[in-house]
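What follows is the residue order along each chain.
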Amino acid sequence: MGNVQPTLLRRFMPLIIFSVLVIFLAVGLTLNPREVPSPLIGKPAPEFELPLLLQEGSFSNKDLIGHVTLVNVWASWCFACRQEHETIKYLSRQGVRIIGLNYKDEASDAKQWLAKLGNPYQAIAADRDGRIAIDWGVYGAPETFLIDQQGIIRHKVIGPLSDQAKFDALMTVMETLNK
Amino acid sequence: MIPELGHFALIIAFAISIVQSIVPLIGAAKNDSALISMARPAALTQFLFVGLAYAALTQAFIVHDFSVLYVSRHSNLVQPLMYRISGVWGSHEGSLLLWSLILSLWTIAVAIYSRNLPEILMARVLAVMAMISTGFLAFMLFTSNPFERIFPAPLDGSELNPLLQDPGLIIHPPMLYMGYVGFSVAFAFAVAALLGGKLDATWARWSRPWTTIAWSFLTFGIALGSWWAYNELGWGGWWFWDPVENASFMPWLVGTALIHSLASTEKRGVFKSWTVLLAILAFSLSLLGTFIVRSGVLVSVHAFATDPARGVFILAFLVVVIGGSLGLYAWRSATVVSYGRFTWFSKETALLLNNIIFLTAATAVFVGTMYPLVVDAFGIGKISVGRPYFDTMFSFVAIPLLILLGVGPAVRWKGDNVARIAKVSIFFFIISLVIGLLLPFLIEDKLNVATGLGFAGALWVALTTLKELFERISKKLKLSLSYIGMVVAHLGIAVFVVGVTTTVTYSEEKDLRMVPGSSYNISGYEFRFQGVRKVNGPNYIADEAVIEVWRGGEKSGDLLPQKRIYSGKGNPMTDASIDKTLFRDLYAALGEELEGGAWSMRVYYKPMIRWIWLGTLFMTFGGLLAVSDKRYRQKAKRKSARSLEPVSEATGNA
Chain A
1 MGNVQPTLLR
11 RFMPLIIFSV
21 LVIFLAVGLT
31 LNPREVPSPL
41 IGKPAPEFEL
51 PLLLQEGSFS
61 NKDLIGHVTL
71 VNVWASWCFA
81 CRQEHETIKY
91 LSRQGVRIIG
101 LNYKDEASDA
111 KQWLAKLGNP
121 YQAIAADRDG
131 RIAIDWGVYG
141 APETFLIDQQ
151 GIIRHKVIGP
161 LSDQAKFDAL
171 MTVMETLNK
Chain B
1 MIPELGHFAL
11 IIAFAISIVQ
21 SIVPLIGAAK
31 NDSALISMAR
41 PAALTQFLFV
51 GLAYAALTQA
61 FIVHDFSVLY
71 VSRHSNLVQP
81 LMYRISGVWG
91 SHEGSLLLWS
101 LILSLWTIAV
111 AIYSRNLPEI
121 LMARVLAVMA
131 MISTGFLAFM
141 LFTSNPFERI
151 FPAPLDGSEL
161 NPLLQDPGLI
171 IHPPMLYMGY
181 VGFSVAFAFA
191 VAALLGGKLD
201 ATWARWSRPW
211 TTIAWSFLTF
221 GIALGSWWAY
231 NELGWGGWWF
241 WDPVENASFM
251 PWLVGTALIH
261 SLASTEKRGV
271 FKSWTVLLAI
281 LAFSLSLLGT
291 FIVRSGVLVS
301 VHAFATDPAR
311 GVFILAFLVV
321 VIGGSLGLYA
331 WRSATVVSYG
341 RFTWFSKETA
351 LLLNNIIFLT
361 AATAVFVGTM
371 YPLVVDAFGI
381 GKISVGRPYF
391 DTMFSFVAIP
401 LLILLGVGPA
411 VRWKGDNVAR
421 IAKVSIFFFI
431 ISLVIGLLLP
441 FLIEDKLNVA
451 TGLGFAGALW
461 VALTTLKELF
471 ERISKKLKLS
481 LSYIGMVVAH
491 LGIAVFVVGV
501 TTTVTYSEEK
511 DLRMVPGSSY
521 NISGYEFRFQ
531 GVRKVNGPNY
541 IADEAVIEVW
551 RGGEKSGDLL
561 PQKRIYSGKG
571 NPMTDASIDK
581 TLFRDLYAAL
591 GEELEGGAWS
601 MRVYYKPMIR
611 WIWLGTLFMT
621 FGGLLAVSDK
631 RYRQKAKRKS
641 ARSLEPVSEA
651 TGNA
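The listed protein sequences correspond, in order, to chains A and B.
Note that the working numbering numbers the first sequence so that position 125 is 125, with each residue one more than the last.
Note that the working numbering numbers the second sequence so that position 489 is 489, with each residue one more than the last.
What the hints contain is simulated information worked out from the structure, not anything from laboratory work.
Cβ coordinates follow ideal geometry from the N, Cα and C atoms, glycine included.
Hints are supplied without guarantee of correctness; some may be wrong.
[As the list claims (entries may be wrong)] Simulated DEER-style distance windows between Cβ atoms:
no.	chain 1	residue 1	chain 2	residue 2	range
1	A	R10	B	I11	53 to 61 Å
2	B	R533	A	V68	38 to 46 Å
3	A	V68	B	L163	40 to 48 Å
4	A	L21	B	A109	27 to 35 Å
Sequences and hints are given; from them, build the entire structure.
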């Protein structure tokens, strides 16, 4: 060991790391944090029609009207969905109407997953290529949308519902709808 | 009138700082001794004017000049004098002023005590420090003027945050800032060396004592903060991994790496560019710490949105200081060659390992602190990274660190014989492990591996450090103050580890509902609740509970925890009462009044918690001892005689 002369990359590395940090920070600061929750909130659920996963027939946005509904985006490949599944089942037992949006999944995998872990969904729409999810502004699974009787999106949860804070926030909005 | 004078003094200081940051650099570039010699007087005058501004603000606090907005927000007529003086640094604007004052103090300290430094280097160092000062003064003058007036002036002011009305917190921020700002000296030396393009071992020699003093202040400042939180917050904890604490802990971790790395660079001429990088990093984290605590970003990123001017300024300032110095590093460090050769088993390697461990720890803290901010900024949600993360990270870091600490100081420079070290170390290692693991058995008849390892680690560090000391004494080797300083600081770590291990494992705490006359037993102490009485303080009224503590049929003291209501905004505060001895603390905090004359109360038994702070005092003292070593002064004198010729490298057996 000895006679170490720093290479070009090694000399610039600290500066590069710092620049990345600054860019990150600058972008973060220009975003208005209050705007980030989905722009879809307060707007009607986007139009769609998808085949059902388990039965013949299809499911469309019109089927959302008339009930307070949770639309839960999930997939069998999604680890966090497994984590939140007990919470979804709990809500289903409480009589909440939950519609699944099976996201970029193989039908056989999805059915196997449900057979193993239980099926809390009233109906499951299969969004095989994820095109409808784009309309809904889905970043990834799991995500959950709260839709009111008029078919308007009232709340969106990103990430597993098993998170207590997210769950509580969802419940608060849901309670106002059920009044 | 006087506040305007203060404001004016600040503007003059700002002007001087601009001159001080430009003229000496031009002088250094052109080798013009007239321009170079401007650095020192400029530093002195700048200090004078910043001091004047500071005195003006203090005066406004003392005479209750509520026409000054800052004074009216942070003091009132009944606030005691002590807390009016400390009110100066109670919030954003004033603490910036304190920062600037301390920076100018360090600057003149460098100007005065480094008289034998080469003039060109000195000019560059003072110029770099002036640049930092320019940034702070501009920030104050353009976005956060402490002398802003309000009209009409209120008859009485609001108040200083009651949390800050504690003697421990009077000196906590100044100590912390002494540490933060002190790292600016190492930073300035590093940048000056980069500017000069001569990055040899000399700059390490010059900046080493300064860095060690700054580190001692920071250690003491952090310890005070922890001590204050324990006394005031009523949670009985001594460290909360709170972002504000982490902001001061990160520069400490990197600073600790830096003082060790400076040793390698000074003695053996190795790791030169790495040490420079650490000096830049330590100060960058100090800046970040100052700003993220003061800007309010930690509470919420929305703080930036509410005052965009400050946010943008802070970001721009950080980019200029950190980005600028890192750019300079990238440009200049190409010429740096480290000569010293060493084998894998040498003091150089041990110090390198020390650096890796401390930087790992700093990275862990950085990620844990910044990640929630980033997540919040991008609106993904609010998360907090808590205790379990940090505790796990630090248990992983502690084990290699403690093992290294037992071996590192004994290993020789360049290379050592593994067998020589192993022969004695293995004996101590086994002894420590056996005794350490046995101790939990003796205390409560239970095997507790984590606790045992904690004790073993402390024992191992203490035994090996003392063994090395006694060996030197028996060989009649001269013991330098810097060596003794190291021994004391390292023993401090052992003391600290004992304190943490014992407190974490054997503390007992209990939330109680107590009616007057009832009592409760905790770890052999009986807490007898006598009742609650009203007490009047200078600027608060309080409910004070009287709790008698009995042990073995004898009264050992009273605990008088209070719940205070401060007269200003009616802010409530709990003031815990603590019965302290070296081996255990009894701690009581008063909660709410419940129905039926009962009170909720929290009582703790905290064994050896005092050792945590005792350990940090050892470290602080060790740092100060190391700096007092006369070799720094002697060497400086010898070197000054031939300061114009390049200093020869310690090339070892290269």
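How the hints compare with the structure:
Here the CB-CB span from R10 of chain A to I11 of chain B is close to 43 Å, at odds with the stated 53 to 61 Å. The supplied range of 38 to 46 Å is broken by R533 of chain B and V68 of chain A, whose beta-carbon atoms lie about 55 Å from each other. Look at V68 of chain A against L163 of chain B: about 44 Å separates their beta carbons, and that is inside 40 to 48 Å. As the Cβ distance of L21 of chain A to A109 of chain B is approximately 32 Å, the hint placing it in 27 to 35 Å holds.
Of the numbered hints stated above, those contradicted by the structure are hints 1 and 2, listed in ascending order.
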